[in-house]
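A.B. asks: Residue numbers (the working numbering), protein chains in the order written: chain A, 1 to 227; chain B, 1 to 213; chain C, 1 to 50; chain D, 1 to 195.
Please keep in mind that the hints were generated in silico from the structure rather than gathered at the bench. Everything numeric in this text was worked out from a predicted model, so none of it was measured. Using N, Cα and C, we set each Cβ at its ideal position, and we do this for glycine too. Do not take every clue at face value.
Output of the computed footprint for chain B on chain A, the stretches with three or more beta carbons under 8 Å from beta carbons of chain B [unchecked claim]:
#, segment
1, 87-98
2, 118-129
3, 205-217
Over 10 Å on every C-beta distance to chain A, these chain C residues come out as not near it, computed from the model [stated by the list, open to error]:
#, residue
4, Ala10
5, Leu20
6, Gly49
In silico lysine to aspartate or glutamate, DMTMM-like type, Cα no more than 25 Å apart, as pairs [stated by the list, open to error]:
#, chain 1, residue 1, chain 2, residue 2
7, A, Lys213, A, Asp38
8, C, Lys29, C, Glu39
9, D, Lys14, A, Glu74
10, D, Lys14, C, Glu36
11, A, Lys213, C, Glu5
12, D, Lys14, D, Glu59
13, D, Lys14, B, Asp91
14, D, Lys14, B, Asp78
Listed below, chain by chain, are the residues.
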Amino acid sequence: MSTSLRNNGAALLSVLAAGLLVAGFALAFFWAPEARGDPAFRIFYLHVPVALTAYAAFGWGGWKALRLLWTREERYDLESYVAIHMGVIFGLLALVTGSVWARYTWGVWWTWDERQLVLFLVLFLFYSAYFMLRFSTPPGPRRARTSAVYALFGVALIPVSFLAIRLAERYIHPVVLTRDPKIENEMLVSFFVCLAGMLVLAGALYLVELSGKRADARLRELRELLT
Amino acid sequence: MTAYLADVAALTRKDLLVELRSRDTVPAMLLFVVGGLVVFHFALADDSSRLASAGMLWIALLFTALLALVRSFVAERDEAVIDGLLLAPCDRSAIWLGKTLSVVAFLALAELVALPAFALFYEPVTWELVAGVALANIGIAAVGTLLGAMAAAARARELLLPLLFMPLAIPLIVGGVGATLAEDPGRYLGFLALYDLIFAILSWASFEYVVTE
Amino acid sequence: MSTGEKYVAAAYLVLFGTLLLYVALIALKLGRLQRELDELARIARERAGG
Amino acid sequence: MIRARGLGRRFGDKRVLAGLDLDVGSRELLLVTGPNGSGKTTLLRLIAGLIVPTAGEIEVDADRAHIGFLAHEPLVYRELTPLENLELYGRLYRIPERRERIGMLLERFGLWDARHESTAALSRGMLQRLALCRTLLHDPELVLLDEPFTSLDAAGSELLLDELTDDARRTIVVASHQPERLGDRPTSRLALAAT
């Protein structure tokens, strides 16, 4: 019963995500005005929602990690892991789309000037280490708890790294680049629709991945009972 | 509270005594950090600025700290002595704090050699640098000890620990290099203190979770 | 299509490509789950028979 | 003293203990037997609180300060002397009149003359005696012994049994495949099967 509901949840979210994202991208391309006469600015409607979704996923994973440490319920381990998995996928997407943007704007595939990009690189390193930790620790309550603690460190690391990257700019290059595109209401509305779509998409993927992992676990249990 | 501090003191004393007997870690750290400073001379171009040498110093300190951290739970892991400590009625965070303090002591010893060597080979040592190093030691030891306990459960733990630690060390490097070079070192020292506070509290609170199976 | 538009298209294609890749991964996983289920069903049938 | 219901523990995909029900009363002596890999050590570690169960539940009416656990390993630092090791544990267990208690135990287990030697240089039998000192240091109510008789000579075993049972105020769980060495002391038994 609960499993079928959960699958329905994933289906529902997928449909919702499709609607929101199509609407959001359509608004972004056909309704919102072009910013600063910059045709590539429309990457903004993709890149920023993807990046924010990655943060949301990391945060969600951290919350589930906290729940695990609180309640000691095993299921939170998988939920935290899957959320972080989603965060890494979206983080990677943010890195790639950001890189495309940098290539157009500055003519290079990578720039240390773009704080968000640097932050994602740091987080990518961090969460890759998270996966290494999980894969090299035997499964069990201890792995669940160590992963949870590391996930919580990640949540703390996000603002600390953000601050660090800002501070680093001052001694690496004292010149601060300022860009403030004029944001108009149409752009803002389009952006929020895109953001909502991306968050719902991540939610749908999260539920799909989770039910796949749970099916795996059930199968293992079944195999043990039968053999 | 007094009892807690007495436990911490007993544990730190034990770590220092073990190191005094075995002399496994500190001599290696000393040799490594001086060797690193020499190697960096050949890695830097002749006209490198003092900025580059400051960066190199911090890299050397970080990697030297990794040596201490990789070794930090060896005495406990061999033959599962950690179980003996976990069985004892003391608060488990006291084990973390005791270990953290001993790591701070080892780092300070290594830096007692590294900073004069740096002054001799490269640039004079400023008080900002010393303050930065002292603050960074706390962060390195606090986070590194927790990660060391986490990695102890894993296969290939000596490889895993640097991977776990590196992303978390980036802010420390920023703070340290900033304190050494920037015109307003106070900001960076403040940032290091903030880092220490956040991550020391997190590590202190979560140690119990990562050592029990 | 201007260069800027090309870059925009490229960025959005990355998202599209990633999603398709994910579908492929899920397909692989479903295949594996199905194979394992088949095997377990066979074992269960043998048990019931024997 | 100990109550377990449906107790189970797995390590990864390996199930070591499953569906165990157990009741041990106060001042009882329980002998746990079973072949290698049947979960004797796991059971003792669960009782000691060193590991948490993955199934079922366990209740122990003694906190860490009142449990003594003799493990496979002596749980002492090889770099320190026997006296320093016991001093450390004495502090951590907050034992009143630590010096006297440690001296008494060292004397009793025949380690007094070796108290300043390096632990690494002790023989297996001496190490096991040191481990016993560590286990009994804080005069625990609940004593868990994992294969206590391996590497212990007859005199050592006798010493251990005397220490444990002379006034019969402790609850004792012994895991051993040499039950005959317990002598004719009254025991209840739990036989674990290999999984």
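A.B. asks: Against the structure shown, which of the earlier numbered hints fail to hold, in ascending order?
C.D. replies: Numbers 1, 3, 4, 7, 11, 13, in rising order.
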